[in-house]
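Visitor: Just so you know, the protein sequences line up as chains A and B, in that order. Residue 2 in the numbering used here sits at position 2 of the first sequence, and the numbers go up by one each step. Residue 1310 in the numbering used here sits at position 310 of the second sequence, and the numbers go up by one each step.
Derived from the structure by calculation, the hints contain no laboratory data. Every value quoted in this text rests on a predicted model; they were computed, and no experiment measured them. Note that the Cβ used here is the ideal one computed from N, Cα and C, for glycine as well. Mixed in with the good hints there might be a few duds.
[What the hints assert, rightly or not] Calculated cross-link-like contacts (lysine-lysine; reagent style DSSO-like; alpha-carbon spacing at most 30 Å):
id, chain 1, residue 1, chain 2, residue 2
1, B, Lys1245, B, Lys1382
2, B, Lys1232, B, Lys1265
3, A, Lys3, B, Lys1232
4, B, Lys1049, B, Lys1103
5, B, Lys1232, A, Lys5
6, B, Lys1245, B, Lys1263
7, B, Lys1137, B, Lys1205
8, A, Lys79, B, Lys1137
9, B, Lys1263, B, Lys1215
10, A, Lys3, A, Lys89
11, B, Lys1079, A, Lys89
12, A, Lys79, A, Lys3
13, B, Lys1103, B, Lys1137
14, B, Lys1205, B, Lys1215
15, A, Lys79, B, Lys1205
[Claimed, not checked] Covered stretches of chain A (in silico footprint by chain B; criterion: 3 or more residues with CB under 8 Å from a CB of chain B, positions within the stretch not fixed):
id, segment
16, 44-53
17, 93-103
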Amino acid sequence: MTKIKYIEHEGTEHVVDVPDGLSVMEGAVRYTIPGIDGDCGGSCACATCHVYVENGWMAKLAPMNDLERDMLDFAFDVKENSRLACQIKVNPALEGLVVRTPARQY
Amino acid sequence: MTNVTRETATPADKTSPAFFRALVEGVPEAIIVTTPDGTITYFNPASEKLLGYAQADVIGRNIVMLVPQQPDRRADTVKWLERWANEPDETQSRFLDFIAQTKSGAQMPVDVRVVERKIEGERRYFITFRDNTARRKEQAAFRQAHLRASRILQVAEDGIISADAAQTITFFNLKAEEMFGYRAEEVMGRPLSTLMPERYRARHKGDVERFGMGKQASRQMNERGSVVGQRKSGEEFPMEVAITKVNVGGALTYTAHVRDITKRKQRDEQLRESERRFRAIFEHAFEAIGLLSPDGTVLEINRAGRLMTEGASQLIGLPLWDLPWAGSDLTPDDTARQRLRSAVAQAAGGEPVRYTAELRRSETDTRKIDISLTPIRDDTGKVIYIVPEGREAVST
């Protein structure tokens, strides 16, 4: 279990323990956290699990592959710290990771 | 659809240009053909209908004209068409919508499929697309309904705990967190019986299983006494529990609706203690004391009162003046009874009454009783009870 903090775009915080091996998207679905849809089920074929990674965490994540970078084209309001939550696999090194959900997924 | 049989299928059906023209112009499917750089070379009637442009409006122009500028979204239409053409993986476009813009400016999400073909050596993208508005709306409505339902359960004032058929916790709302001292993620995946003391666990599991197999869709678990829960700290507490089951998609889900009744039990106990104390005072008072309704019916009578009535067995529910201690049947006339009756009426009118009644058992045996009748009012001033008291007058 690794502690992840999800912050909704209007500020509500959810701190949950996500089993290692799940993705950050699957962690959100498990705890019915609003703002992360995951339409395609985690196969990096949509952009509905778009999140903003909090300061300092971006460098600790496995780098984005081309598919994820391309898929982010379909997300709204993409920023430097945008990632797709289905592509972030939870592991103990991510203890305390903070992600924010955007105002809209589509 | 009619099957074309060997007999009716002429070679023309497969090869004639007229057939193919009729096909692409007649299918209820929007088809656009572009060059690899996005220049539109063909626009079928279904596309005209969907987007409101005539062929002449669009032929020779770039397909990006059909996609509105979205400052907060960076998808490059031509690049993505190329990508989809290179990887004709049909699952991809199912989740990705371009936004298309009609001639009148209306926007709609469109589900796009694309394949690359060569026509006489020239590369072309064959693009089909569908209005995805209805499906997106349905999805959004479904998602919102789902989220609304889960959020309602999440913030409910009862502790709500769901478990699957194996009695493994799958949902644990905020009130349950507060009540049991666990965070949801600590107990999700653990057995439902984690929430009760060890000594009850085996029996409880069996109870839930039997409920699962039974016909009732819901049940109060308190039918056989109060249910005991156990907090994370190990502290036990009395609960009121209702359990429900639902079967969705072949999967059984149990849901416990839990209330912590520690406070209610404490209040009940305080009330019982208060009742014990006041009854002790009332019962053991030296004077005869009772409680009447305003019409004079006896509601309560204490031990001293019962002694005065010389062993009559049923007193409650009778009018005060009909009790044997009033001596009515011991007096030749009805005076004492009538006097008491009018005194009760006076008290019922709101006026306290005090007088000395004389009970004559015989010419030689006369007892004097000091009687008082005190009206008791409710908050609005209405008389709701009368307290009668009686004590043997000290003879002089």
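Visitor: With the threshold set at 30 Å, check whether the alpha-carbon distance from Lys1245 of chain B to Lys1263 of chain B stays at or below it.
Guide: At roughly 28 Å apart (the allowed maximum being 30 Å), Lys1263 of chain B and Lys1245 of chain B satisfy the hint.
Visitor: Please work out if Lys1205 of chain B and Lys1215 of chain B have their alpha carbons no farther apart than 30 Å.
Guide: The given pair, whose Cα atoms are some 18 Å apart, holds under the 30 Å limit.
Visitor: Would you mind confirming whether the straight-line C-alpha gap from Lys79 of chain A to Lys1137 of chain B stays at or under 30 Å?
Guide: Measuring from Cα to Cα gives roughly 27 Å; hence the hint holds.
Visitor: Apply the coverage criterion to the segment 44-53 of chain A and chain B: a residue qualifies when its Cβ sits closer than 8 Å to a Cβ of the chain, and three qualifying residues are needed.
Guide: holds (count 4)
Visitor: Verify the proposed pairing of Lys79 of chain A with Lys1205 of chain B, using a straight-line Cα cut of 30 Å.
Guide: violated, 51 Å
Visitor: Does the alpha-carbon distance linking Lys1049 of chain B and Lys1103 of chain B stay inside the 30 Å limit?
Guide: Distance of about 11 Å is within 30 Å: holds.
Visitor: Is the hinted pair Lys3 of chain A and Lys89 of chain A satisfied, with a Cα-Cα distance of at most 30 Å?
Guide: Given that 30 Å is the threshold and the Cα spacing comes to 13 Å, the pair holds.
Visitor: Assess, step by step, whether the Cα of Lys1263 of chain B is no farther than 30 Å from the Cα of Lys1215 of chain B, and give holds or violated.
Guide: violated, 33 Å
Visitor: Take the C-alpha atoms of Lys1245 of chain B and Lys1382 of chain B, compute the straight-line distance between them, and say whether it is at most 30 Å.
Guide: Distance ~50 Å between Lys1245 of chain B and Lys1382 of chain B Cα, so the pair is violated.
Visitor: Compare the distance between the alpha carbons of Lys79 of chain A and Lys3 of chain A with 30 Å, and conclude whether the hinted pair is satisfied.
Guide: Roughly 24 Å between the alpha carbons, so the hint for Lys79 of chain A and Lys3 of chain A holds.
Visitor: Is the Cα-Cα distance between Lys1103 of chain B and Lys1137 of chain B 30 Å or less?
Guide: At roughly 22 Å apart (the allowed maximum being 30 Å), Lys1137 of chain B and Lys1103 of chain B satisfy the hint.
Visitor: Holds or violated: Lys1079 of chain B with Lys89 of chain A, Cα cutoff 30 Å?
Guide: Between Lys1079 of chain B and Lys89 of chain A the Cα gap is close to 28 Å, so the pair holds against 30 Å.
In terms of the numbered hints stated before, the structure departs from hints 1, 7, 9, 15, 17, listed from lowest to highest.
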